[in-house]
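Protein chains: 2
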Amino acid sequence: MIAEIITIGDEILIGQIVDTNSAFIAKELNKIGVSVHQITSIQDEKDHILYALNEAAKQSQLIILTGGLGPTKDDITKHTLCDYFDDELVENNNVLTHVEHLFKKYVKQPILEANRSQAMIPSRATVLHNEYGTAPGMWMEKDDVVYVSMPGVPFEMKGLMQNHVLPKVQERFDRPYIIHKTVLTYGLGESAIADRIEEWEDHLPSHIKLAYLPGLGRVRLRLSCKGKDKEKLEQDLQAEIDKLLPQIEDVFSGFEEENPIEVQIGKLLQHKNATLATVESCTGGKIAARFTSNAGASAYFKGSIVSYATSVKQELLHVPEDIIKRYSVVSEHVVKAMAEGVKKSLKTEYAIATTGNAGPTKGDSDASIGTVCIGIATPTETFTYRFEMGNHRERIVQKTVNKGLSLLLEQLK
Amino acid sequence: MIAEIITIGDEILIGQIVDTNSAFIAKELNKIGVSVHQITSIQDEKDHILYALNEAAKQSQLIILTGGLGPTKDDITKHTLCDYFDDELVENNNVLTHVEHLFKKYVKQPILEANRSQAMIPSRATVLHNEYGTAPGMWMEKDDVVYVSMPGVPFEMKGLMQNHVLPKVQERFDRPYIIHKTVLTYGLGESAIADRIEEWEDHLPSHIKLAYLPGLGRVRLRLSCKGKDKEKLEQDLQAEIDKLLPQIEDVFSGFEEENPIEVQIGKLLQHKNATLATVESCTGGKIAARFTSNAGASAYFKGSIVSYATSVKQELLHVPEDIIKRYSVVSEHVVKAMAEGVKKSLKTEYAIATTGNAGPTKGDSDASIGTVCIGIATPTETFTYRFEMGNHRERIVQKTVNKGLSLLLEQLK
Numbered sequence: 001m002i003a004e005i006i007t008i009g010d011e012i013l014i015g016q017i018v019d020t021n022s023a024f025i026a027k028e029l030n031k032i033g034v035s036v037h038q039i040t041s042i043q044d045e046k047d048h049i050l051y052a053l054n055e056a057a058k059q060s061q062l063i064i065l066t067g068g069l070g071p072t073k074d075d076i077t078k079h080t081l082c083d084y085f086d087d088e089l090v091e092n093n094n095v096l097t098h099v100e101h102l103f104k105k106y107v108k109q110p111i112l113e114a115n116r117s118q119a120m121i122p123s124r125a126t127v128l129h130n131e132y133g134t135a136p137g138m139w140m141e142k143d144d145v146v147y148v149s150m151p152g153v154p155f156e157m158k159g160l161m162q163n164h165v166l167p168k169v170q171e172r173f174d175r176p177y178i179i180h181k182t183v184l185t186y187g188l189g190e191s192a193i194a195d196r197i198e199e200w201e202d203h204l205p206s207h208i209k210l211a212y213l214p215g216l217g218r219v220r221l222r223l224s225c226k227g228k229d230k231e232k233l234e235q236d237l238q239a240e241i242d243k244l245l246p247q248i249e250d251v252f253s254g255f256e257e258e259n260p261i262e263v264q265i266g267k268l269l270q271h272k273n274a275t276l277a278t279v280e281s282c283t284g285g286k287i288a289a290r291f292t293s294n295a296g297a298s299a300y301f302k303g304s305i306v307s308y309a310t311s312v313k314q315e316l317l318h319v320p321e322d323i324i325k326r327y328s329v330v331s332e333h334v335v336k337a338m339a340e341g342v343k344k345s346l347k348t349e350y351a352i353a354t355t356g357n358a359g360p361t362k363g364d365s366d367a368s369i370g371t372v373c374i375g376i377a378t379p380t381e382t383f384t385y386r387f388e389m390g391n392h393r394e395r396i397v398q399k400t401v402n403k404g405l406s407l408l409l410e411q412l413k
Numbered sequence: 001m002i003a004e005i006i007t008i009g010d011e012i013l014i015g016q017i018v019d020t021n022s023a024f025i026a027k028e029l030n031k032i033g034v035s036v037h038q039i040t041s042i043q044d045e046k047d048h049i050l051y052a053l054n055e056a057a058k059q060s061q062l063i064i065l066t067g068g069l070g071p072t073k074d075d076i077t078k079h080t081l082c083d084y085f086d087d088e089l090v091e092n093n094n095v096l097t098h099v100e101h102l103f104k105k106y107v108k109q110p111i112l113e114a115n116r117s118q119a120m121i122p123s124r125a126t127v128l129h130n131e132y133g134t135a136p137g138m139w140m141e142k143d144d145v146v147y148v149s150m151p152g153v154p155f156e157m158k159g160l161m162q163n164h165v166l167p168k169v170q171e172r173f174d175r176p177y178i179i180h181k182t183v184l185t186y187g188l189g190e191s192a193i194a195d196r197i198e199e200w201e202d203h204l205p206s207h208i209k210l211a212y213l214p215g216l217g218r219v220r221l222r223l224s225c226k227g228k229d230k231e232k233l234e235q236d237l238q239a240e241i242d243k244l245l246p247q248i249e250d251v252f253s254g255f256e257e258e259n260p261i262e263v264q265i266g267k268l269l270q271h272k273n274a275t276l277a278t279v280e281s282c283t284g285g286k287i288a289a290r291f292t293s294n295a296g297a298s299a300y301f302k303g304s305i306v307s308y309a310t311s312v313k314q315e316l317l318h319v320p321e322d323i324i325k326r327y328s329v330v331s332e333h334v335v336k337a338m339a340e341g342v343k344k345s346l347k348t349e350y351a352i353a354t355t356g357n358a359g360p361t362k363g364d365s366d367a368s369i370g371t372v373c374i375g376i377a378t379p380t381e382t383f384t385y386r387f388e389m390g391n392h393r394e395r396i397v398q399k400t401v402n403k404g405l406s407l408l409l410e411q412l413k
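So the protein sequences, as listed, match chains U and P.
Quick note, the first sequence lines up with residues 1 to 413 if you use UniProt numbering.
Quick note, the second sequence lines up with residues 1 to 413 if you use UniProt numbering.
Calculated directly from the structure, the hints in this document are not laboratory data.
Keep in mind that the hints are not guaranteed to be accurate.
Copies of the same chain look alike in the list, so a pair counts if it works inside one copy or between any two.
Unchecked claim - The calculated lysine-lysine pairs, modelled on DSS-like cross-linking and capped at a C-alpha distance of 25 Å, are:
(1) Lys31 to Lys226
(2) Lys209 to Lys158
(3) Lys226 to Lys46
(4) Lys46 to Lys58
(5) Lys230 to Lys142
(6) Lys104 to Lys413
(7) Lys158 to Lys104
(8) Lys226 to Lys73
(9) Lys27 to Lys46
(10) Lys181 to Lys267
(11) Lys58 to Lys272
(12) Lys27 to Lys73
(13) Lys209 to Lys78
(14) Lys105 to Lys27
(15) Lys243 to Lys46
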């Protein structure tokens, strides 16, 4: 079963926003067996929208549109849908009541004509209730193709997808199973892995597809298959993975479909009834932000000290000045003192510490750009590491975050 | 002048990655007067790529492709381009030398056959040197349409765009000027603003386009225009903005095309020769991460304490236990003590403090979900604020980050 996603909005085409909606929609559709054939981003322009709808309908049984449903004059999706379906807008009482309710509760002002227009819906559309906003989702059908239109505001779209669109698609369409399993590897390049597993790759069954996804020091190998018999697909995939893993044992680090690494760490910490703190220099709070993005992190994450200035390392973490002077601020000695300092002052069992030079200039340290030290404090011991992470600021920081998390995970395991 | 962006890769269509490349490319093209008509994401599938190229060539003079240039078997873009251009792959010596050089320097192993294949280029293509990777960019032409193919790895693509593609596009095409100016507003809904400025909007000259971009508690109003005479366009836009601003004075907060808010803050701090620290509870390090994402932040940003656990507030920040008990951890009293505590212990002149309940459960506080307190410490005084931010975890955190930054900016101005 094939779908196309069409996102409408000039702001995407001028690069003012990154389209994150499409990835969310594609992932959710994939989980229920729907293959996305194409994602198309177009302007708020009637003829272009009509052309894209006609093109999409040639291939797809399901067309998901987002954007262009606001109350202002630049939003034209509803009018264009009326053209496409030869339909007209009529006022929907349920939507109007909901809009009035939202205004009473949050805006505390009577609704304006523009808000009232949110309740004008193509007569042939089934309304999908938008709990979080004034523009409802709409479900329409023509020649056995389903068209779903949703607002582009991400959290409104997500609510509509989960509460209405996905259940209705599952009810309406007969779908195969699509299964992905992504093997994570660290430490070997894409072509070296391909060379090593060439024979295995050449003998993959035709219904299993392999993709290489390199980036940030790791290579992900995604195996995908699609079919009617879920159990058999899973067995086939597992059989291939069982053949693959012994060949890449030295660089294998897990599966992407497992929980994100910070969630895995959280589970292990809770299991051990232990807590964690971080002390971050070159990563500047980004490891803490990873943990605190997850609801419930307060059960194991106590906090962080972002010691961006060298003085903070001395005063708050009590890293002795002579260690900093002797070994420089980017050193395994200093990162060890940082990890132990934060573990002590935040009274935790574990800690991650980072210090490094992400560039573009050398800063407080003599270390060359790309030199990073990571410390992992455990209840009994502190481990330190030194890496060269290249010369690209953003990548150095991101690689350090990933590396710090995976080193802690190893210790916890 | 019209362009289309085509991104190739199953990982986009199954939602495994968010396509950030397109927004970058679109924004850079826009700056040099190129309008992006459509962004299309498709699979690594030959017929689909050929169809997309043919479709794009109907409208566009410039077609930018990313992805599918890796050394492994799932990468088929080069072969497909040969089909499309009726061309063949030939070994390019410069590319081969570069691949060998990268392997010698970073991998420290001889190159494999797959890496050597990176030097196989369609004979009619102009090679664009990829400083950061083994797959070069390619520039090809057919029937007055330019086709540019680049690898999908973001930092390689960015290097190619900036060093080669943008200069060559500027040389090759006559382009108009495209100017955007985005007015930022806080505190009034999209429809209420539209209602207030209706008459102005109705009288906008036809070459100036208005778009409303709502989100995270603010509404952005983007004015765009395009033409040959840059000075006149700028005058026209300014004339309309001069008419608009008095009507929205109470909610106007700046222009998006200015520096990001954290950079504006950094400049003001440096101007005052002052430094900043943050202490973050519900924002969990995300404000610190905003500052430390910018190279050079160490000149004014000293660090942060992420006090996720209540005990950290007591022990590290010396917030008195009786204040926490009496007013609860989410209170203006506590946020004031936090701001002043971090300002003192990190020896800065300014500080931002956040404490709140982002949900989904109530945590250590009695405050209802969505209640957030922000403190701004200045050299002479500490200001505190209390907000209700709704009931959506991710939004509460993001709105708090934005609000904290804009409150500090106000104080600095």
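Homomeric proximity label, Lys230 with Lys142: Cα distance no greater than 25 Å: neither (31 Å within a copy, 46 Å between copies)
Homo-oligomer pair classification [Lys413, Lys104; C-alpha up to 25 Å]: So Lys104 and Lys413 fail the 25 Å test inside a copy (52 Å) and across (35 Å) alike.
Within, between, both or neither: Lys158, Lys104 at alpha-carbon 25 Å: within (24 Å within a copy, 47 Å between copies)
Homomeric proximity label, Lys58 with Lys272: Cα distance no greater than 25 Å: Intra 55 Å, inter 62 Å, cutoff 25 Å: neither.
Homomeric proximity label, Lys27 with Lys46: Cα distance no greater than 25 Å: Answer is between: at 23 Å across copies they meet the 25 Å cutoff, but 28 Å inside does not.
Alpha-carbon proximity context of Lys209 and Lys158, limit 25 Å: Intra 29 Å, inter 29 Å, cutoff 25 Å: neither.
Up to 25 Å CA-CA - Lys73 versus Lys27, copy category: between (32 Å within a copy, 24 Å between copies)
Intra/inter-copy verdict for Lys105 and Lys27 if alpha-carbon distance must be at most 25 Å: neither (34 Å within a copy, 38 Å between copies)
Homomeric proximity label, Lys226 with Lys73: Cα distance no greater than 25 Å: between (43 Å within a copy, 20 Å between copies)
Up to 25 Å CA-CA - Lys267 versus Lys181, copy category: within (22 Å within a copy, 47 Å between copies)
Intra/inter-copy verdict for Lys209 and Lys78 if alpha-carbon distance must be at most 25 Å: Intra 39 Å, inter 20 Å, cutoff 25 Å: inter-copy only.
Intra- versus inter-subunit Cα pairing at 25 Å for Lys31 with Lys226: Answer is within: at 11 Å inside a copy they meet the 25 Å cutoff, but 43 Å across does not.
Hint violations for this structure: numbers 2, 5, 6, 11, 14 and 15, all remaining hints satisfied.
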